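Protein chains in written order, with the working numbering: chain A, 1 to 349; chain B, 350 to 698; chain C, 699 to 1047; chain D, 1048 to 1396.
Calculated from the structure, these hints are not laboratory results.
You may find that some hints are simply not true.
[Claimed, not checked] Pairs of lysine-lysine residues, derived as DSS-like cross-links and limited to a Cα-Cα distance of at most 25 Å, are as follows: (1) Lys168/A / Lys517/B; (2) Lys867/C / Lys1216/D; (3) Lys867/C / Lys651/B; (4) Lys651/B / Lys169/A.
Here the structure is a predicted model, which is why all the values come from computation and not from measurement.
There are 4 protein chains.
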Amino acid sequence: MKQIPVAVLGATGSVGQRFISLLDGHPWFKVVALAASDRSVGQVFSKACRWVLAEPMPGWARDMVIVPATPGSMDTKIVFSALPADLAVDLEPQFAKAGFAVCSNASSHRRAEDVPLLLPEINADHIALVREQRKLRGWNGCITTNPNCTSTGLTVALKALDESFEVKKVFAVSLQALSGAGYPGVPSMDINDNVIPYIGGEEDKVEWEPRKMLGKLNNNQIQLADMKFSAHTNRVAVIDGHTVCVSVEFSQPVTPGQAIQAMSDFQAHAAARDLPSAPKPVIVVRDEADRPQPRLDRYTGKGMTTVVGRVRPDPLFHLKFVVLSHNTIRGAAGGSIYNAELLVQEGLL
Amino acid sequence: MKQIPVAVLGATGSVGQRFISLLDGHPWFKVVALAASDRSVGQVFSKACRWVLAEPMPGWARDMVIVPATPGSMDTKIVFSALPADLAVDLEPQFAKAGFAVCSNASSHRRAEDVPLLLPEINADHIALVREQRKLRGWNGCITTNPNCTSTGLTVALKALDESFEVKKVFAVSLQALSGAGYPGVPSMDINDNVIPYIGGEEDKVEWEPRKMLGKLNNNQIQLADMKFSAHTNRVAVIDGHTVCVSVEFSQPVTPGQAIQAMSDFQAHAAARDLPSAPKPVIVVRDEADRPQPRLDRYTGKGMTTVVGRVRPDPLFHLKFVVLSHNTIRGAAGGSIYNAELLVQEGLL
Amino acid sequence: MKQIPVAVLGATGSVGQRFISLLDGHPWFKVVALAASDRSVGQVFSKACRWVLAEPMPGWARDMVIVPATPGSMDTKIVFSALPADLAVDLEPQFAKAGFAVCSNASSHRRAEDVPLLLPEINADHIALVREQRKLRGWNGCITTNPNCTSTGLTVALKALDESFEVKKVFAVSLQALSGAGYPGVPSMDINDNVIPYIGGEEDKVEWEPRKMLGKLNNNQIQLADMKFSAHTNRVAVIDGHTVCVSVEFSQPVTPGQAIQAMSDFQAHAAARDLPSAPKPVIVVRDEADRPQPRLDRYTGKGMTTVVGRVRPDPLFHLKFVVLSHNTIRGAAGGSIYNAELLVQEGLL
Amino acid sequence: MKQIPVAVLGATGSVGQRFISLLDGHPWFKVVALAASDRSVGQVFSKACRWVLAEPMPGWARDMVIVPATPGSMDTKIVFSALPADLAVDLEPQFAKAGFAVCSNASSHRRAEDVPLLLPEINADHIALVREQRKLRGWNGCITTNPNCTSTGLTVALKALDESFEVKKVFAVSLQALSGAGYPGVPSMDINDNVIPYIGGEEDKVEWEPRKMLGKLNNNQIQLADMKFSAHTNRVAVIDGHTVCVSVEFSQPVTPGQAIQAMSDFQAHAAARDLPSAPKPVIVVRDEADRPQPRLDRYTGKGMTTVVGRVRPDPLFHLKFVVLSHNTIRGAAGGSIYNAELLVQEGLL
């Protein structure tokens, strides 16, 4: 199979770096362009970028010259967007209009009715919105999005439960990693020996995005899931891996055993099951008293698996549990790549 | 006023050290005995103890010789207990029987019907149980207890709200400091770049203790408050200061403004208002988007004040907010000392 | 005594905040103006400043309106400068020319031959350079400086040794705190679970500044001390407190006992001994195997004392030891304030 | 090739876990026995061990039943020892006498004249001591050792330099990772927001072990290298990876360029170059101003490569630089495995 040329927008940031790292050796995609802001354009990547990943910078990226984040600067089918939301809002549609499939990690277009918000293992069928999007907007390209990093693991776990039982109410309190704030991101003076009980805009996303992803697609429209969410989001001194404490009320009582079974048995949507980035397995349920933990569990399934633990009765709702997901792999770059694979598979490029 | 001689049981541990630090220069109490386990007995305190507080060890403590934790080893009116729960269960009653007022930080006797579980600023009247306790058990001494460190700030905030409105349901998710686990406590390999979403026995305490403290005393019996709690407890890489994310349902809607007013205006119980360790003020409500934070706010009111912030509507219940309390001051040693002051004030010594 | 009006330049930064905190309740000085960059001018301090200290912002500072950092904006005798070096280079002379005594923490003028580089406890006599400076430059005001935070504790310890013995060669390897980099300073992604073995410009300062401070003043000129230094400087995940591993060669062998004696006995220069910020004592030598440690020892002597430990023979030079000093108190704001006190005491205002 | 059966002694500790992780999929060795202390014997590994590595526990290890650490409990050619030094001193000779090749990470026998202290890439020829050891002690088995984790990277770098130039004096100041202290190891209360400037026994090892490894083997005797070392060792809040600041004096001046060349060009000893665990390359010299850093560079060459940076002139000696090495891979388990491979290769099993 000939490799599909792809580009990364916002390549020098922390999510951009994760795209580059995950695309290193990808069986289908080959990075042929790296785009970043004006002050980096023209420099080689290794000079323009302060690499923050423990995985080394791939050799092929070192000497690539940064190009502007404009459709005319690159000749690819797919662009992965790690742009900040304020830039993505205008730039991503320009790319889509110019014929590129934009697989975006930015929040700018997640709420648009004709833009799929995808976790392929749970809602691969929502990809069909792309056809609607093209029809409505007259684009050859398209925009697909992946959710906010905290919504990611939470929504995967809820899908497994909602499929077997009916989820009605969800309390979610996050303990989020530093890499989610990008680079330079959180000053060390703010987080060492500390917790920051606030992340701008995050709670709104966690209370809304799962409802779209868990919603049904009818007549090219997503009907938001009939659930209510309450979220508290916190930043803690962890490099990678978002932990979420969750309490769930169902339409009727569910036991921990039933929930563990449902999550352990959960299979990815058929269309998304065998893609290169498909989580294997989708969910791991740990039975130790004190797991999941970000340092120990974030790389489960190469960082694509959702890890759940401490499933137990809740005195107010029905069940409590803990969800862990790698925020820059499953919750960001890995998610966008998985979306791109789905586009390819579905013949939507 | 002549100073009252006091002793500290479990003096070498992290809560024991906090007792010693807080009793340094106390206007009413003078430490005359330090007790610890057999392997420390006979050593001077400065050799027996690995001091972990940033505040220096008081000079008078350095050369005190450790005595056994037995009633016969000391001649004091009051003993402060920082004993582990498995030892406190038998030892504390021995002291009470021998005529000592035991002001305990241990969990062993908190649930006994005739033992007051005190936060004097909110339930100083519960001290009356001491008379019942003496009558029932034939003791000259007594046992008073302070709650678990995570229950502490949470319950103070809830009291201020419950007094004005009626609290019905409470979700509480904690991000707890390392000092709460004692010393050596949490291994650094377990918590650096990590979160541990489990603290043994803690969730049960947080779901039960506030109900006793918020309960009414009738005919020498505490009627547990009619509220339901759900708690998730987590350990994070913070030295001191427990942060709790709270969602509350009332008997009817309450606005953030009303709640802020109620908490800001809250006054300590009259009997406890002017004691040396009384928090001044009882509650501080911060209006910044990202406060309270443990590193910045834990020493508010010398570590005795409960700090609240981010009071906002909750999509599922009525309100969400964040509570911070210094776990080894208000939530442990400072709380026991405050209880002892109340005993003195009420003539119960 | 009537209080002397003072201003803080660069008031919103982390050293500026430390100035404000240390000047709260100062017996001689009263802050009447806070200056910062254009984007803060006109705002009240509590809005313009992201406060990073665990000590709360003093009440009087909250509502002070930020003024520009120009001589015309304030009416004080003394200005404390927490300006960045690139601004201090021009601004501080403007203030000095306009008649202000500038007590600066910036590095810009430390190497000027007529500017004293002061640690009053060891070289208070160097203050005499101020007269020379005024004569040469025609200023009514003056500039005095305190050294780089890593040089500070190192130089105090070396002075005590050099006075009794003769220091010839010094190896110094630092483990420096985050607050030394200001705010936002070091990104958390760079330092959590990490060490950064590089701090721009720092090694040059540590290899040169002690030689000026340990030099002799002859005919209004400082003769640099005849010693050689080699420094490695590192950033570590500590909030406050710089630790320095030191190996020293003397003109002849010195035993650990002799060195401990010399450091423990060291008295501050007579002119500086009774000033409000004088360290009491100047040096503490700890005898535990594993001290000093930043979290436990940085507040010794209110953060003004130099703490030394692990004094032992060195296989290559004569002695090895560890020095700890609070980098934003003794090593920055506290040092500048101490310098200002010396100016007052010497009648040089 | 048929796999050689091996055992791990001290399998449940942090170095034991690293052995298991590194031996997973090893081309030559197959783990057939895991031994630990009495309280673990009889349990399956997954229950007996609190796994602390981010890499998941290999599936084959989960259900292995722990056996006693005695020669009679296992039937293997090689035992890897992660025993504590006080147990290793007697147990390792028992195994060697019983015919096992003991590849030890313990310090107990490193200084014995007939026990090779090996870093195969630099002194593979020292393996010849094994024959002398067998002759002297009448053993069929043998003991080989790898150095202390801090000596490891330091000695590799020095070898590359000593081969081209002549190293005379070495200052080495370490910033050591938490995993080097085992598990539970360093309490979090001791190291968060802190540095511990002391590691028991470590400085002696760093000042002596390199001299043996850099020594010449003549007539079955190691002649210690004629160099002098001074070491300061510190613990910092890093999970894995020891950083060492080094200053070196040579017999004559060496420029940074010459040193960089010598280290970059350094080739592993021919006998050790193609072994499965051979570092590839032996040394990487980084040219960024602020590298190596433990979080970013510790996995270079799968954790077996020594990473050097900041090579620059030293005002007192000739050169300064920074060395980084993964302390539980190259500096512990990986080193012992590399030694075992050398034994196999040299036909010494």
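Results for each hint:
1. Lys168/A / Lys517/B: Satisfied, since the Cα-Cα distance of roughly 20 Å is no more than 25 Å.
2. Lys867/C / Lys1216/D: Satisfied, since the Cα-Cα distance of roughly 14 Å is no more than 25 Å.
3. Lys867/C / Lys651/B: Violated: Lys867/C and Lys651/B sit about 46 Å apart, past 25 Å.
4. Lys651/B / Lys169/A: This hinted pair is violated, its Cα atoms lying about 40 Å apart.
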